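> Chain by chain, the residues run as shown.
Number of protein chains: 2
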Amino acid sequence: MTFRFELKQTDGKARLGRLHTAHGIVETPVFMAVGTQATVKGLTPAQLEEAGVQVVLANTYHLALRPGDEVIAELGGLHRFMNWRRPILTDSGGYQVYSLAANLKIDDRAAVFRSHIDGSFLELTPEKAVRIQENLGSDIAMCLDECPPFDTPADYRDIAARRTIHWAQRCKTAHRRLDQPLFAIVQGGTDLGLRIRCAEALTQLDFPGYALGGFSVGETTQQMLTALEPAADALPSNKPRYLMGVGKPLDLLLAVARGIDMFDCVMPTRNGRNACAFTNAGQVKIRNAAHQRDSAPLESDCSCTTCRQFSRAYLHHLFMADEMLGPTLLSVHNLAFYSRVMAEIRRAISEHRFAEFCQDRLARWGGGFL
Amino acid sequence: MTFRFELKQTDGKARLGRLHTAHGIVETPVFMAVGTQATVKGLTPAQLEEAGVQVVLANTYHLALRPGDEVIAELGGLHRFMNWRRPILTDSGGYQVYSLAANLKIDDRAAVFRSHIDGSFLELTPEKAVRIQENLGSDIAMCLDECPPFDTPADYRDIAARRTIHWAQRCKTAHRRLDQPLFAIVQGGTDLGLRIRCAEALTQLDFPGYALGGFSVGETTQQMLTALEPAADALPSNKPRYLMGVGKPLDLLLAVARGIDMFDCVMPTRNGRNACAFTNAGQVKIRNAAHQRDSAPLESDCSCTTCRQFSRAYLHHLFMADEMLGPTLLSVHNLAFYSRVMAEIRRAISEHRFAEFCQDRLARWGGGFL
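First to last, the sequence lines map onto chains A and B. Under my numbering, read the first sequence as residues 1189 to 1558, first letter to last. Under my numbering, read the second sequence as residues 1189 to 1558, first letter to last.
Each hint should be verified, as a subset may be incorrect.
Same chains, same names: a pair is fine if it fits in one copy or spans any two.
As the list claims (entries may be wrong) - Restricting the straight-line Cα-Cα distance to at most 20 Å, the calculated cross-link-like pairs of lysine to any residue (SDA-like) are:
hint	residue 1	residue 2
1	1427	1337
2	1293	1347
3	1316	1258
4	1360	1319
5	1229	1510
6	1316	1445
7	1196	1380
8	1436	1458
9	1360	1408
To be clear, the hints were calculated from the coordinates, so they are not data collected in a lab. All figures in this text were calculated on a predicted structure; none of them were measured in a lab.
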């Protein structure tokens, strides 16, 4: 099975497509659920499938540290380990090294840092990031990149982008698994010229897919959107485009309008755990006393397990009583909400009414989501 | 629908029966899962059904405090509130008043105490305990009792037992719902004479079922077993007998052998949340490093969702990484284990080989469970 991206249709810059992976087909644009430690927090694989999750994203950095990628390989790979039969994408660990690790020292050779778990010294090289992901057996692997914060001085941003290109080349050379495509990551922050140069250099290396990294790292949504369109335009149109770590429902919509195919974000699950549900009428803070006697579901037209089975009053009660089931049920709903939004986006593109759909959702969500 | 207990068969003192309730039939002997706050911690109703749970026990004290029994009544009762379609038994709040409430003052009129949630003053009378349970709409309600610790001085134990009888009478008088049987609770600690006098007095009041309270409150297993047999013998044989708050798998077995039909205990779920799984080979501490690379399930012959889908290595990883899914998956297994034990007990009784079954399980479990 060789990875393949099928671009089925466009509507303006929005793209309808399909990823053919070793674990099945993914309809794009797609939102991927974050399962950092080989589990989407609090949800069983069956609950993820019911919520319409097509792809789970797992974190190279976390899994290499615990339980270890070799342990997972020995146990038959990440799919078997977590009992998830649909596709898995693994990030490269780059982002976590910068956000979680302590005492980071980075040069062209490697990132050297201390584990956030036990403080032990660890080293991540492009070759090692690839080997770990090959051990995990994900359906899509990512190159190791350097992801500086958005307010990094221009000269360092330049160094990080050049290092990202250099590392992408080394990742490609090190990569062996034919059943696993390796995507490159474009850096450059909100510096458009740098982004485009980075995208062009990586395009010349000919990867099966490209990610835009270094967004959602502190810049405003407007800054992101301004940089996003030319950054997406600079990527080859026949390859999938993945905007890492984004975002709110409205962000997804606006990014699809700029030609993005893939997304991941902790927001649906993290907000769910924090008693916050996404609905078409805006975010619902379920701890709010207004919900105490409300027999209605979170969303009356939602067909997720949570909305079919439980009232706002019950969900309110679970959070007030600090019951584990509350975070689980809100995460289920939020992932189902994201799945539904993506399915609606795909349908709108296929029916050539994406611009209209965007207008409608902007009007509905404008106040509640941004 | 009127409640009915059908005694199908006996084998020695062990009894095979059926409870006919407003929400369906319960095969006895039965173990009931504890769902204190209208949720068995971390499990959806679907997961409970898959684990073979026949009855959920909810707590009057907790639910009266939060969200309030009138809120639940307004929302259509406890079954609809928590979306559990099988039977529910509610305890009376007596045990929680003594174990959780602060500044308890108790006399024949009422128990007056402070809420463990916000310290507000509350009062529980027999009439109020009944009204709360009628509001909740459980399939089996319990009389308010007084449950002193096992080392209570004899004179107070006597007072508590007499008050329990007096309150049972008042509960019966106050009770209105015809679809809800009200069970009486026998107290008396390990004082056999007192237990038997209490049982006789309550039997004269003619309740549809009887519970033995005040066990598993600090006495040894041997003390419990010694008192249990005559206490059970003192109850009418045509009514169900419920041993409250017990227990370990071996306790269930030994109590069935003494004529008990119903049980509840937090052990399968609490131990599950604390990384401890029940198996026929003893308890498995899943955090133990021995499980790190173990591709086997918790129990190879267990058909629960956890054992069918996940390895010990994965469960070990979830607990080491503090992931919510670990407690959920171990609770599922432990409840399925308890369901399986009860089903095996019922089969053994029906095939008149319960004594043999007991011997076998005593030999298997003796070291691991007691």
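> Look at each hint and say if it fits the structure.
Evaluation of the provided hints:
1. 1427 <-> 1337: neither (27 Å within a copy, 71 Å between copies)
2. 1293 <-> 1347: within (14 Å within a copy, 72 Å between copies)
3. 1316 <-> 1258: This pair counts as within: shortest intra-copy Cα distance 12 Å, inter-copy 60 Å.
4. 1360 <-> 1319: For residue 1360 and residue 1319, the Cα distance is within 20 Å only inside one copy (11 Å; across copies 71 Å).
5. 1229 <-> 1510: both (16 Å within a copy, 10 Å between copies)
6. 1316 <-> 1445: So residue 1316 and residue 1445 fail the 20 Å test inside a copy (36 Å) and across (61 Å) alike.
7. 1196 <-> 1380: Neither: 29 Å inside a copy, 80 Å across copies.
8. 1436 <-> 1458: Cα proximity of residue 1436 and residue 1458: one copy only (12 Å, versus 37 Å across).
9. 1360 <-> 1408: neither (33 Å within a copy, 66 Å between copies)
In this structure, the hints that do not hold are numbers 1, 6, 7 and 9, in rising order.
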